[in-house]
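S.K.: With chain A fixed as given, assemble chain B onto it according to the hints.
Chains as they are written, first to last, in our numbering: chain A, 1 to 367; chain B, 1001 to 1375.
In case anyone wonders, no lab produced these hints; they're calculated from the structure.
In this text, all values refer to a predicted model and were calculated from it rather than measured experimentally.
Check the hints yourself; a few may be wrong.
Over 12 Å on every C-beta distance to chain B, these chain A residues come out as not near it, computed from the model [stated by the list, open to error]:
| hint | residue |
| --- | --- |
| 1 | GLY30 |
| 2 | PHE40 |
| 3 | TRP177 |
| 4 | HIS187 |
| 5 | GLU220 |
| 6 | PRO263 |
| 7 | GLY265 |
| 8 | ARG291 |
| 9 | VAL294 |
SDA-like mimics (lysine to any residue), calculated; alpha carbons at most 25 Å apart, straight line [as the list claims (entries may be wrong)]:
| hint | chain 1 | residue 1 | chain 2 | residue 2 |
| --- | --- | --- | --- | --- |
| 10 | B | LYS1262 | B | THR1278 |
| 11 | A | LYS143 | B | GLY1326 |
| 12 | A | LYS143 | A | GLU128 |
| 13 | A | LYS143 | B | ALA1055 |
| 14 | A | LYS143 | A | ALA130 |
| 15 | B | LYS1262 | B | LEU1290 |
| 16 | A | LYS143 | B | LYS1262 |
| 17 | B | LYS1262 | B | ARG1362 |
| 18 | A | LYS143 | B | MET1204 |
| 19 | A | LYS143 | A | THR233 |
| 20 | A | LYS143 | B | LEU1290 |
| 21 | A | LYS143 | B | PHE1334 |
| 22 | A | LYS143 | A | GLU217 |
| 23 | A | LYS143 | B | TRP1058 |
| 24 | B | LYS1262 | B | LEU1323 |
| 25 | A | LYS143 | B | LEU1075 |
| 26 | A | LYS143 | B | GLU1076 |
| 27 | A | LYS143 | B | ARG1074 |
| 28 | A | LYS143 | B | LEU1323 |
Positions of the beta carbon are idealized from the N, C-alpha and C atoms, including for glycine.
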Amino acid sequence: MALLGGLALAGALLWRNTRQNLAARQIRSGFGFLGQTAGFDIGEGLVPYAPTDTYLLAFAAGVANTLRVAVVGIVLATVLGTLVGLGRLSRNALVRWLCTGYVEVLRNVPLIIQLFAWYLVATEILPEAASPIELAPHVYLSKGGLQFPHPVWARGWAWALAAVPPGLAAAWALVRWARARRGRTGHGPRLGWAAVLLAFAFPLAGWLAGGAPRAFELPEVTRFNVSGGVSLTPEFLALLVGLVTFTAAFIAEIVRSGVLAVPHGQAEAAAALGLAPRQAMRLVILPQALRVIVPPLTSQFLNLTKNSSLAVAIGYPDVVSIANTAINQNGQALECIVVIMSVYLTINLVTALGMGWYNRRVALVEG
Amino acid sequence: MDPKASLPEPGAAREPPPAPAGPLSWIRRSLFSSVPSALATLLLAAALFRALPAAVGWLFTGAVWAPDYEACRRLEYRAACWGFVAEKHRLVLFGRYPWAEQWRPLVATLLVVAALAASAHPRCWRRWLLPAWAGVLAAFFLLVRGGALGLSYVEPGLWGGLPLTVLLTLVGVSASIPLGVVLALGRRSRLPVARGAAALYIEMARGVPLITVLFVASFLFPLLLPQGLRLDVLARVAIGITLFQAAYMAEVVRGGLQGLPKGQTEAAASLGLGWWQTQRRVVLPQALVLVIPSFVNSLLSTFMDTSLVTVVSMYDLTGALRLALGDPQWRNFFIEGYLFVGAVYFVCCLAMSRYSHWLERRLGRWARRPEASAA
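If we strip away everything but chain B, and leave its shape as in the complex, we get:
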């Protein structure tokens, strides 16, 4: 007998059960998977159907867009009056900076944004980036301060709005990185005095709110300086933010230092490098690259924190909005004002946090590779 005949013919392989696909199945799975879920969906959908048209009507369709006070008043708050923003946007964005010269802070801010965008991609992280940023900062100061190249001098007390926020953020972050590196190295140093001093400074700065540091900057710095030497309030606040941020930077850098395998320092030691050489040539270059995403997060939190300077009477973006709302005619349209400034912050911060996530994944891939091959 043919042995083959007794065996059943192998049938064609069956298809796997169809994966749930299509909008209907998605709706069933993610909106009506169970009774509570379905109830929540119905309740939320009902609330949204009521709230969304009202919100759209208030924000857009019914709103007054022209800087027309009478039209806004006739609305009686039934819809948004973007006329406030149309009327005051230059005051909100540039503070008390002289009206005719406001193109200067605008160009300076755009320059910084362009520089940020240009240095966002890891491909651009080259040696020339540092001098390039120094040039950008110098150009920013030159444009905003003036007093050279035919630009009229504008005193720092008049700087305000978004450029001031950008300036404080940039100075705060760029000056606090070197300080943070020193503090982080100090905290891991073998010298007990350096270790103690660094730890004390870091813990104290992290333990108090930023506002007390701003108080120190505005009330105490004048007392600490030698007589005759005076700093304007902008410089004092910038120093205060830097000193505060340095403690957080130190912890970020410490994270990077701890993330480095011990073999690196041992290899450096076996090559005969001294402590300074080891740190400068081996440890720091790797540790700092490791924590670049955290630096972006620090940039973000400093950007948000600078809004506190309005408490010590500076007119950054938040302070300038309050200045604009000081106009008795428009002060009732504060919701529109806060929505506008909130949206500016939101867009900037969301961009930065998304970028930091993207960078983390990308660098994570790069940093994990050697580990994976070793395992």
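Next comes chain A alone, as it looks inside the complex:
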């Protein structure tokens, strides 16, 4: 009871102070400002936004930018981290040393320093936009960012996209059928590759049926820059590369300890049953390792998302940068911080719910 009273009293005091201070500084309060014109520009994003739009839309653009870098970053960091983590377990000493060096260096230097360094590399060391590096045909890297071709929107692409869900459903059905038959009869065809082919065949058929459009919008090197195609800004690239390489070091450690957590007897038993090393990895070790790997892996995903807020330091317009600009414009710090925090807490909550669902699926069923 006393505790409750104390908490309430402290809250009331803070509230009173804030009201007085806001009044003294003539700062308005409330979320009414979200409907007003923001007035500042946002460099890039998926949400169509102009300076004449409202603060609400500006925040939406910021959230979209946060999610964009987070989702792409999570996928790439998982791939890189898994490779490095398995590399640390390799029998090849050279591979092992290189991966260990990677993990130790990347983990022990603060992320913000790495981000500043990547940003300077992207904006100072890369060649001018007029003379970019051609990484692959029609893929250009320069101070102007990364440009690559994208297909010109046509009916065939729409059909291909529409055929993705049925393709996945067909593949899933095939795998289910094969597994059920193997369970029933003890042997049956291995259809893994067939399922993958099926999942790709549907969109391919859609693309063909839609007239097989082959037109691509290619980036062109002009006298001053590279125009056309998909363009990724140097800010986005620096943030993405920094987040991916940093997080991959942590994911590598998680993957390594997860694989090591599977008792050695499991691998030996698999070998005794006549499974090849690759089969043993896929069928015996990995399913057990995943149980150990997934929970800390999710927290690394959340860390990556939270770390993407360092975008503010290199000028990528994520939700924190937008809020920072908004605070500097109208002084409504309380409301803007509430917006940022609720965005991150929502992301956390959604991830936690998804994790709970996954954990229940892979948890050991005993008894």
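M.R.: Only chain B this time, still in chain A's reference frame:
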């Protein structure tokens, strides 16, 4: 017939097959064990043979070491210009602290490093360690702040560089441990209000990035304080880091509390100890020792996290480097600058993480023993 004659004479025991030893066998085993492995070795070795001499040449043999701008410019980036570091190292390491007085933060930082080294060994974990650390912190403040004992006063706005990083780390960790203990006990309390409040605080602080907490510290704290009361930005940021770190500390301490066998609290209860006495005399002393390696990890992550204060315009080690790179003459030598500061962080963090590993093994041995004898 002599029964012995029919039995064959037992031969001398054969030696076990020779264990694969020697450099040749090691090379065969760990570099060329299979075709893919051999391919990887060859590819990587080729890449290393190309990259290593270039890297050594860029970093060392071709580099300019003197703070000579003209010589650096003539290099045209073909080699490192450590002249930048030679010229600016005091600005990077001490920020805007008055030039003539920079021995003070240097001595203060060395004092902290010495204290850390002295308290690293479990043999030194005695009761006098806490007052000793309080003395070290007080001496640190006295040296850096001045205004007494004939030292001139230096305002906190001028503190910077490595001493600021060390200060924020120390204050953040030492203040967040008691707060974390309170939160952890609150989370396991029987009172629903305490449990709810602690859980809410911990989950919220852990759910948001540190940068928002720094925003709260720099934008919101001035609004929350009563009018007339003002805190400088250093104090606000230190409080922000402490509040943020406390939530992580709470989880660390909770891990320790959960690692303690239930028999301990039951034994305390049967001895007639109350809740507070149980926690203070029985539970916490054991739980806290159990999680000392995690405390070292928290120290490490706080040390790295303090680099974020550069976003709210403070000149810690990272911020001071950016200050030094603001010089238009030298700004093109940012790679050298970042390598230097990165190396400082790397050495400190690697030392801490190695120490934490060592401690974990050592304490693990100590903590496992009673369990093993019970089994």
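S.K.: Work down the list of hints and note, for each, if the structure agrees.
M.R.: Going through the hints against the structure:
Non-interface status of A/GLY30 relative to chain B is upheld: no Cβ of that chain comes within 12 Å, the nearest being about 15 Å off. A cut-off of 12 Å between C-beta atoms confirms that A/PHE40 is not in contact with chain B; the least separation is 18 Å. For A/TRP177, the shortest C-beta to C-beta distance to chain B comes to about 35 Å, beyond the 12 Å cut-off, and the non-interface label holds. No beta-carbon of chain B is positioned within 12 Å of the beta-carbon of A/HIS187; the least distance is around 31 Å.
Chain B leaves A/GLU220 outside its interface by the beta-carbon criterion, the shortest separation being 30 Å against a cut-off of 12 Å. The claim that A/PRO263 lies off the interface holds: its Cβ sits roughly 18 Å from the closest Cβ of chain B, which is beyond the 12 Å cut-off. With 12 Å as the threshold on Cβ separation, the claim that A/GLY265 sits away from chain B holds: the shortest Cβ distance comes to roughly 20 Å. At roughly 20 Å, the least C-beta separation between A/ARG291 and chain B is larger than 12 Å, which holds for a residue marked as non-interface.
With a cut of 12 Å on Cβ distances, A/VAL294 stays outside the contact zone with chain B, its closest approach being about 19 Å. Distance hint between B/LYS1262 and B/THR1278 is fulfilled; the C-alpha atoms sit about 12 Å from each other, no more than 25 Å. Restraint check for A/LYS143 and B/GLY1326: the C-alpha separation of about 20 Å stays at or below 25 Å, so the hint holds. Restraint check for A/LYS143 and A/GLU128: the C-alpha separation of about 5 Å stays at or below 25 Å, so the hint holds.
For the proposed pair A/LYS143 and B/ALA1055, the alpha carbon gap of about 24 Å is at most 25 Å, so the pair holds. For a cut-off of 25 Å, the pair hint linking A/LYS143 to A/ALA130 stands: about 9 Å separates their Cα positions. For the hint pairing B/LYS1262 with B/LEU1290, the CA-to-CA distance comes to about 15 Å; that is within 25 Å, so the pair holds. Restraint check: the Cα-Cα separation between A/LYS143 and B/LYS1262 comes to about 61 Å, which exceeds 25 Å; the hinted pair is violated.
A hinted pair counts as satisfied when its Cα atoms are at most 25 Å apart, and B/LYS1262 with B/ARG1362 qualifies at roughly 24 Å. Note on A/LYS143 and B/MET1204: the hinted pairing is violated, with a Cα-Cα distance of about 39 Å set against a maximum of 25 Å. At most 25 Å may separate the alpha-carbon atoms for a hinted pair to count; A/LYS143 and A/THR233 meet this at roughly 9 Å. Proximity of A/LYS143 to B/LEU1290 is assessed by CA-CA distance (about 51 Å); at most 25 Å being required, the pair is judged violated.
Distance restraint check for A/LYS143 and B/PHE1334: the Cα-Cα separation of roughly 17 Å lies within the 25 Å cut-off, and the hinted pair is therefore satisfied. For the proposed pair A/LYS143 and A/GLU217, the alpha carbon gap of about 21 Å is at most 25 Å, so the pair holds. Straight-line distance between C-alpha atoms of A/LYS143 and B/TRP1058 comes to about 23 Å, which keeps the hinted pair within the 25 Å bound. Proposed proximity of B/LYS1262 and B/LEU1323 is contradicted: the alpha carbons are some 54 Å apart, above 25 Å.
Note on A/LYS143 and B/LEU1075: the hinted pairing holds, with a Cα-Cα distance of about 23 Å set against a maximum of 25 Å. Under the criterion of a C-alpha separation no larger than 25 Å, the hint pairing A/LYS143 with B/GLU1076 is consistent with the structure, at around 19 Å. A distance of roughly 24 Å separates the Cα atoms of A/LYS143 and B/ARG1074; the hinted pair therefore holds under the 25 Å criterion. The straight-line distance between the Cα atoms of A/LYS143 and B/LEU1323 is roughly 23 Å, inside the 25 Å bound, and the hint therefore holds.
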